[in-house]
Structures are given as structure tokens and as C-alpha cells.
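S.K.: Below are the chains, spelled out letter by letter.
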Amino acid sequence: MEREDTLKVKDLSFKFNQNEAWLINNLSFKLKENERVLLMGPSGCGKSTLAYLLSGLYPEYAGISKGSISYRSLEIANLKAERRAAIVSIVFQNPDDQFSMESVEGELFFALENAAYGGEYQAKAAELLALVGLKGFEKRKTEDLSGGEKQKLSLATALAVKPKLLILDEPLANLDRESAQEIVAILKRLSKKRLGLLIIDHRPDFWLEFIDSLMLVDNNFRVVNLKLSPNEAKKNLDIFKRLQIFFPSGSGFSYYGEDTQVKDKRPWAAQSELMVRAENLTLQRGAKLILEGASFKAFKGTLTAVLGPSGCGKSSLLMALAGIIKIKGWLDIKGGVGLIFQNPGFQFLSQTVRSEIILSLTHKRGDSQSLELIEKARNLAASFTLADFLDRSPWQLSQGQQRRLAVLSMLAAQKEFLLLDEPTYAQDLQSTVGIMSLLNDELKKGLTAIMVTHDLELARAYADEIVIFNNKRLKVIDTDRYRSF
Amino acid sequence: MSSLNPGAKFLSILITAIVLSLSYRTKTNIIVAIAALVLTLTYRGLNYRRLILILGPFVLTAFGFFMTALLFADESANFTGTYGKSEFNVNSMATAWLLSTRIMAFGCLAILFTLTTEPEAFFRSLRQQFKLSSKFAFGLLASYHFLPTIRGEYFMVRAAARVRGVRVWPLSPRLIIPILVRAFRRADNLAMAMESRGFNPLAPRGQAITVPLRVRDALFMLFPVLAVI
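Going down the list, the sequences are from chains A and B.
Residues in the first sequence are numbered consecutively from 4, following the working numbering.
Residues in the second sequence are numbered consecutively from -5, following the working numbering.
Treat each hint with caution, since some may be false.
[As the list claims (entries may be wrong)] Taking lysine-lysine and the DSSO-like style, the derived pairs with C-alpha atoms no more than 30 angstroms apart in a straight line are: (1) K127(A) / K125(B); (2) K144(A) / K165(A); (3) K167(A) / K129(B); (4) K165(A) / K129(B); (5) K165(A) / K35(A); (6) K144(A) / K125(B); (7) K129(B) / K142(A); (8) K35(A) / K18(A); (9) K448(A) / K303(A); (10) K83(A) / K11(A); (11) K195(A) / K127(A); (12) K129(B) / K127(A); (13) K127(A) / K35(A); (14) K142(A) / K125(B); (15) K11(A) / K33(A); (16) K129(B) / K144(A); (17) K142(A) / K475(A); (18) K125(B) / K83(A); (19) K83(A) / K129(B); (20) K125(B) / K165(A).
[Unchecked claim] Footprint (simulated), chain A over chain B, 3 or more residues, beta carbon under 8 angstroms: (21) 146 to 152; (22) 174 to 181; (23) 201 to 214.
[To be verified] To list a few chain B residues with every Cβ distance to chain A over 12 angstroms, as calculated: (24) S(-3); (25) L8; (26) I9; (27) R38; (28) L45; (29) V53; (30) L54; (31) A88; (32) G101; (33) F107.
Derived from the structure by calculation, the hints contain no laboratory data.
Glycine is no exception: its CB is placed at the ideal position from the N, C-alpha and C atoms.
Make a model of the complete structure from these sequences and hints.
M.R.: Structure below.
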């Protein structure tokens, strides 16, 4: 039996400011009941914006819109919050900004109370937590959860209001492979019940196996393909490559193409100068022991990738290496240390993208207005495809653009040793490769870098050495061995 | 203490504080302070470390007031007594006791409330028994959970500036502006997240936990009587 179209988007246009061009222009599409759709497009094209529009948060919170979004003849924008949530709920991109209560249980109670749930609350909360693999987490504090756990809790609270359509905005971007697979398995199970899914992700691989179709959009949010079936997607990689987004990798493909040999392009690395020597490092945060008896070395011009499960303390390790938090043991680093934070918002100190780049180039504001510097900043911005945003505030950029700016401004500061915390998180293929090749250029010039990532293939393609961080230990693995790992 | 209704407890303690502020008797102060402290100590989930940390400043302030009142008394007063070789004013001795015990009494009342009450339960009871609007209650709760985040962000922003070699002072605009910008954005994000979970302050809500109002709460309403003794 043909399923009925339930969610209808008709001639939808949206922009943030009156005197801007439309970010989304005359978009129309329909979703069937319980349909599972993967939305893909270049970073910054407006995918999150669409998510906010569908759930009625925009234009209430920002921007101007035209056209209509309706669910079974109900206009979403005209509904009250509690009725809207029972139709569309979102799992947001940033797991830190979505909890209003102190405890995991409190957060679920909040959502259940909003929906005027009539049953036994404690039992329902336990049931929802079990559903997302957080059994027994009731009394935990939300701020103490790892990224993956936050994402699971967010999923549980979104489900608590019983939406018909669940929108997931990059739900896996910050998770290790195992947690990602767990979330996907949970969603796969849920989607068999009565739940429609609209998934926004840069990587199609996890989803192809159970989604109904893909919706592909370009830079200007024009629909390139409205209902591409997963099988067609696997056969038509050209569409993805044209959009410069991650294509279904399957087997035998590599996103990073020729660049997989970058390691061999750094033959000097093995005999080069020792830049970082760490022996017997022990790291503790509060009462929690994160790292015990770790030793490693890093040579000039090399990139070390650190992989490990979400929440194992990788970010803390980088902060300790940067000297921000204390670490015990012997640590010898030659030269200045730079750190690119996991959350790029932390490191912007200026009012515009231009002055942010210039600040990195000079470390000072006063004498930074020379034409040469402005020109240099423009060139750098262009190489990170940020040239159009020089006069914008860094905080007005999309998550992906913010990350590029963070990488750019730290590279511009010319440190000898650079720490990168998930530099390619939430990036499309083009900007991932862009960031990595810029990093590679710096490595050739003698930069030493350590990068935390969840992307195995990225690590394999670009790193000289891979370190697995698990169970409070660091284990060094040669990349060649890692191929068969 | 843990089984008391937080709203009723708040009211009772508030009345005690008001009565206390109108009375000027050392004995009353001492009774209230000791009673509050004893009640705090009966709370099962008491965090002793926090108790000592909070009590410390109160004791110091009380002692400071005691000494100040004693040593810098009004010279024109008539009655003097002796203690060892030093002379002091009898009136000022009484004032010293009065002032210092008063500080301890208010301090212990504050401790009694803060250390034995969970914020979420308090707001729940304010909503249920005192008809506080949910917009206000959840707004306050959300911003209460905001505070540690802002502290954490301050730490991160300062660290980021330092790593980039940018010199910053503790309250330099370079640090404060990013934190404010983030706070505004976060407030927006949080509001959207709450709304996406169906939060509508005007709609009828379910109640996950009912905070009961019981006989023991009525009994605790007698607590202010201590201040009248």
C-alpha cells in the first residue's frame, strides 16, 4: 500500500536578514509517513536551518520565511510548542546546549511533563533510557556525560514527546565508531516503529542500509536530487563528487584519493629532530584518572593521530599537552604550542573574521591594519573558502565554517607544535581535504602536529603514526599495520 | 530535613529571618543559630565539606564583628569592666555578643536552607504549592545550570587566548565579549531546545514528582517561634 504524504513543504524560502539574498529559495518537497530520509549537502548550505524551520523554531527565533510547512493539513508555524513537538522534534548538533535540568532523569521528566504524560514517570524515564543504551543513568548529572552519552540522552528526550518525525542534525559527528554504530542501531530499531526520520549527516555510510532515500542539495540549497534511493546512490558517485561531499564509500574507495600516500611524501620524518618527548605521563581530572604511565615521541614534520572511544579523555590530553591543565610525568616540548579546540567558539577573540585572522598573524591588535596584512588575511580566508565572510562575526558562521576559521587562525599563528581536537568534525569532503592539505603543507615546512579524530580513514591517509587511547593507556600503532587493524 | 516540603521550609525560614531581624536579643540569636545548625546536621545527605567551607566565613565575620564592637566602642559609655589587665566597656561587650551571634544566626539559617534543599525540588514545590509560573521556574532553573558552564567557558576562552599568545587580563573585554556572545547564543539554543521538547509555559503540564505538603511541614512552620522566645 502506498504510504500517504504527511509532511509537505511548499515554496519555502528563508533568510536571516531583510537585506540578504534568500538562503533557502522556493524549496518544495514531501515526506511520507514514517519515511527515513538522509539530507546531504555542502557544509554551511543551510541544512540545520531547514531543520529549525521544519520544527517551527525558525522564523520564531530568527529570520524571515515565506511559503508553507504543513503536517496533515496543520500549518506547523501556527501550532503551540507542545503540539509541534508531538509532530517534529530535533536532536541538535551541539550536545552541550540542549539540556536545561541538572540530572538525566530531570531532563526526561521535563520533556514528559511538557507532553503532559499520564503514566508512571520513573518507569517511563527508565524505559526511554534503556532504549538508547543509558540504563541506570537516571541520577547522573548531564554536565558529566560524555559527548556520546549526551547525544543518547538528547535522543531519549526527543523521543519522550513522541514525535512523528525526528530530525537528527549531525548526530554522529562527535562520536567514535562504536558509539556511532550504537546510535545507528537504536535509530534503525526505532524506525521500524512509527517514526519518520530526517537525518542530516556528511557521511552516508552508516545510514544507507536502512534509509528509504537521500535528498541532496547544493551550496545554495537547490535540490539536486529529491529522492535518490540508496542503491542508486552507490552507483552514482559522480553526483556526490560534483557537490564535493562524502560519497558512499563501500569497499575499495577512498575519500582522500591520491593523498593516501601523503605519509610517503614525508620521508625525512623518521630521521628528523625529536620535538616532543613524553614519559610516564599521568593525567587526572577531579577524582577521575584519565591516563596512566603514557610515553610517546613526536618528530619534526610528522602528524600523529589519536583515536579512542568518546569520553576517554582525548580532549583533556590535548589540553594537558598545551599546558592548560596539569599533567604529571616528564614532558619535553620544543617550541611554541598551539591548540585548536573541539568547540571552535571558544577561541574567537575578535569581532570579524578578518580581524580574527589578523590577530593570529600579529598577536596584537593595534598595528594590524597594514594593507599587507589585510591582503594576507584575505588570501588565507580564500584558501579556506571563507573569503565571502571576512566582515562577518565569527559567531555568525555555520558550525563548519567556524571550524575552518579556528584551524586557519591557529595555523596562521605559526607555532612549532600544533594540537588539533577533531579538526574535520562536521565538514564536507571539500573542506576536510582542504583543511588536511593545508595542514600537510605546514607539516612539510616543519610543523609537528597531534590530531584527535574519530575518522579512521582520515588518520590512515594523513598520519605518520596512530595512537589508540583506550583504558587509560596509549598504544602506538604503525600506520602500515593499521591498514589491517 | 530531606522529607520537608522545600517551599514550606523556605517560607518558615524566611519568617524566622524576618522576626530575627526585628529582635535584638543575644539569647534569641543563639537559640536560632543552634537550632538551625542542629537541624542541618540531621540531614542525611549533608556534605560536611561544604558545611565547613560555608560556615568558616560566617564564623570569621562574626568574630571580626565581635572584636570590632569590643575594641572600638563608644568612648563616652560609663560602665567599664576589667579582664586581666585590659579594660573594656561593659556595654560594648554586650553589643559584641549581640552582633556576632546575630551574624551566626542569619548564617545558620541560610545554611539550613541551602545545604538541605535540592534546587529542582525547590522549584517543583514553588510551582506546585505556591503557583509560581512555569516560565519563571524553568527559566530560573535553566539559568542556574548555566552558571558552572559560564565558569567553564571562561576557563576555556582564557586558555585559548593564552595558547594563541594573546595577552589578556582577568576581566579584559577580549574574554568577556566572547563569553557574553556565547551566553546569548546558548540562551537562544537552550530556549529552542526546550521548545523543541514541547515546553509551553501556558499549556497544562504533567507532574513527574508531586512534592507533598504534610503534617511535618506544618510543624516546621513553628520554627519561627524559636525567634520569639
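S.K.: All hints, please: hold or fail.
M.R.: Hints, verified against the model:
no., hint, in the structure
1, K127(A) / K125(B), "26 angstroms, holds"
2, K144(A) / K165(A), "24 angstroms, holds"
3, K167(A) / K129(B), "26 angstroms, holds"
4, K165(A) / K129(B), "22 angstroms, holds"
5, K165(A) / K35(A), "17 angstroms, holds"
6, K144(A) / K125(B), "27 angstroms, holds"
7, K129(B) / K142(A), "24 angstroms, holds"
8, K35(A) / K18(A), "27 angstroms, holds"
9, K448(A) / K303(A), "9 angstroms, holds"
10, K83(A) / K11(A), "19 angstroms, holds"
11, K195(A) / K127(A), "20 angstroms, holds"
12, K129(B) / K127(A), "24 angstroms, holds"
13, K127(A) / K35(A), "29 angstroms, holds"
14, K142(A) / K125(B), "27 angstroms, holds"
15, K11(A) / K33(A), "5 angstroms, holds"
16, K129(B) / K144(A), "23 angstroms, holds"
17, K142(A) / K475(A), "25 angstroms, holds"
18, K125(B) / K83(A), "22 angstroms, holds"
19, K83(A) / K129(B), "15 angstroms, holds"
20, K125(B) / K165(A), "28 angstroms, holds"
21, 146 to 152, "holds (count 3)"
22, 174 to 181, "holds (count 4)"
23, 201 to 214, "holds (count 3)"
24, S(-3), "18 angstroms, holds"
25, L8, "24 angstroms, holds"
26, I9, "28 angstroms, holds"
27, R38, "16 angstroms, holds"
28, L45, "20 angstroms, holds"
29, V53, "28 angstroms, holds"
30, L54, "28 angstroms, holds"
31, A88, "46 angstroms, holds"
32, G101, "26 angstroms, holds"
33, F107, "18 angstroms, holds"
In the structure shown, no violation is registered for any of the earlier numbered hints.
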